[in-house]
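K.L.:
Residues per chain are reported as follows:
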Amino acid sequence: MTDAGAGTIAIAAGNISKRYRETVALDQMTLAVNAGETVAIVGPSGSGKTTLLHLLAGNLATDTGSIALNGRALAALQPGREKARLVGIMHQGNDLVANLPVVHNVLAGRLGEWGLLRSLVSLVIPREREIALRALDRVGIGDKLSERTSRLSGGEQQRVALARLLIQNPAIIIADEPVSSLDPIRAEDVIRILVEIASDESRTLVASLHSVPLALQYFSRIIALRNGRVLFDRPAVDVHPIHLDRLYAYDDEGPRIAVVE
Amino acid sequence: MTIEVSRLPPEAASGSVIRASERSLPRGRGLLTLVLIAAFLWSILQIEWGGDLIHAGGVAVLIDLLSGLVRPDLSASIVRKALGAAWVTLTFAVASISLALLFAIPAGIGASGVLIRHAGARRWTMLLGRAVLALMRSIHELVWALLFVTAIGLSPYAAILALAIPYAGILGRIYADLLNDVPTAPLRALRDAGGSELKVLFYGRLPLVLPDLIAYSFYRFECAMRSSAIMSFIGIAGIGYQIQLALDDLKYRQVSTYLLALVVLVVATDIWSSQVRRAMVR
Chain F
-12 MTDAGAGTIA IAAGNISKRY RETVALDQMT LAVNAGETVA IVGPSGSGKT TLLHLLAGNL
48 ATDTGSIALN GRALAALQPG REKARLVGIM HQGNDLVANL PVVHNVLAGR LGEWGLLRSL
108 VSLVIPRERE IALRALDRVG IGDKLSERTS RLSGGEQQRV ALARLLIQNP AIIIADEPVS
168 SLDPIRAEDV IRILVEIASD ESRTLVASLH SVPLALQYFS RIIALRNGRV LFDRPAVDVH
228 PIHLDRLYAY DDEGPRIAVV E
Chain X
2 MTIEVSRLPP EAASGSVIRA SERSLPRGRG LLTLVLIAAF LWSILQIEWG GDLIHAGGVA
62 VLIDLLSGLV RPDLSASIVR KALGAAWVTL TFAVASISLA LLFAIPAGIG ASGVLIRHAG
122 ARRWTMLLGR AVLALMRSIH ELVWALLFVT AIGLSPYAAI LALAIPYAGI LGRIYADLLN
182 DVPTAPLRAL RDAGGSELKV LFYGRLPLVL PDLIAYSFYR FECAMRSSAI MSFIGIAGIG
242 YQIQLALDDL KYRQVSTYLL ALVVLVVATD IWSSQVRRAM VR
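Sequence order for the protein chains is F and X. Under the working numbering, read the first sequence as residues -12 to 248, first letter to last. Under the working numbering, read the second sequence as residues 2 to 283, first letter to last.
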């Protein structure tokens, strides 16, 4: 069921909306992502990027519309093994357990697969240590396996989160501003690895990004959001400065946007 | 220049608990402060600062006591007796804190409600768990001791149970609070990876609170040592019993030796606990 070949639809969202009290975060959005596509979501702060990704990851319920991942209705998926195989999520950072060694944070990617006993035993004698090591090697920090996670830099911690995702091995990866807390050099490293990981196994990747240049350089398709709607949706090679000027132009709708120095 | 928008989504985390106290704190605070200050002033006025504040000859006894305290009796037999009594006090403290931990860890996890996803069931579990813990600790160890001595006589079990029950109540309550009060982002990530609440507990919550949990347990062990010494005053062996006997015989220098032994116990625990903590932080 998870072996979605090229051309099949990995993510199908129909008419999804989300509002927080009076503010409309997402407005009747319809979206289809093919298996194996790498999609960057760009747009100004508050355009609905994070909301969209939370909805796609099933961490937030839609007000209207429905979402299907690999043909399965997201709303009907229970958290646990099945969902973990289908979709993996990466956040901005600070979502590792800082005072555990790196190996356990990586192996946490197996929690959906492992039974309780195996999970508990692994905290004492790490199970599948080689897989964790291979994942860390893949993201370039194989030497940090036994390090205490809190002693790692921000960039290294995001690599640990990548390794955890690698081990979870989901068909679809959702990444919400995965590099917003990193400096440009490390941000680019992490994005490069993220896209490589997705491409290697022809996984589907949807990531929100602040940096348009990074999005254009590494992703195959760019979806620009503004005020909860899709402003444009086109292949990265077809995105031109004129599109971006419109995306980041000041809003004339007034109250929803405050300009801060 | 950046553009900020006033409609960032709320935290998508599901398990966060909002406490009522956080919202209603400032209201009525000023009034309470006034009442407390008034009560304090009133209590000072109630003291009769007359001559009978200290009983006749009290000053002489006080001087005797102080001069004894600064010159502890370090003769071999007394030191041996002090060590023996300290050992008894220590074993009572260890036994009762172990018993308390056995109860407090599962009870604390239960009363924190973190294993239950259903909001209503979680609230009732928290309420019930915390009520039981509150009952256990609202009765002082000395009162428990009197009850147990009445019921099962002057046995070590009376002292150990009397200490274990309120300490289990205190520890359980603190564990529950610690487990409720962890950053939600790592927990959410573990759930996203497919972890059940029980796995999230072992991979997220417990590791996150472990240093605090251990530090607080050590502090409570220290308190248990002092309480264990006090148990002697109702006739159970230990260092407090020796202090009482020496006081009755007006042997203040021996009192001083026993007090010193108690201080050594507490300081040793403190050193041990800070070494454990240092080893954990590395």
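These aren't lab readings, by the way, just hints derived from the structure by calculation. Here the structure is a predicted model, which means the values were calculated and not measured. For each residue, glycine too, the CB sits at the ideal point set by N, CA and C. Wrong hints could be hidden among the right ones.
Unchecked claim - Here are some of the chain F residues that sit facing chain X, going by a computed Cβ distance under 7 Å:
#1 L64
#2 V84
#3 P88
Claimed, not checked - Under 8 Å between C-beta atoms, here's a sample of chain F residues computed to sit facing chain X:
#4 A60
#5 A63
#6 Q65
#7 G67
#8 K70
#9 I76
#10 L83
#11 Q155
#12 A236
K.L.:
Going through the earlier hints one by one, which of them does the structure break, listed in rising order?
P.N.:
Going through the list in order, the structure violates hints 1, 3, 4, 5, 6 and 12 and respects the others.
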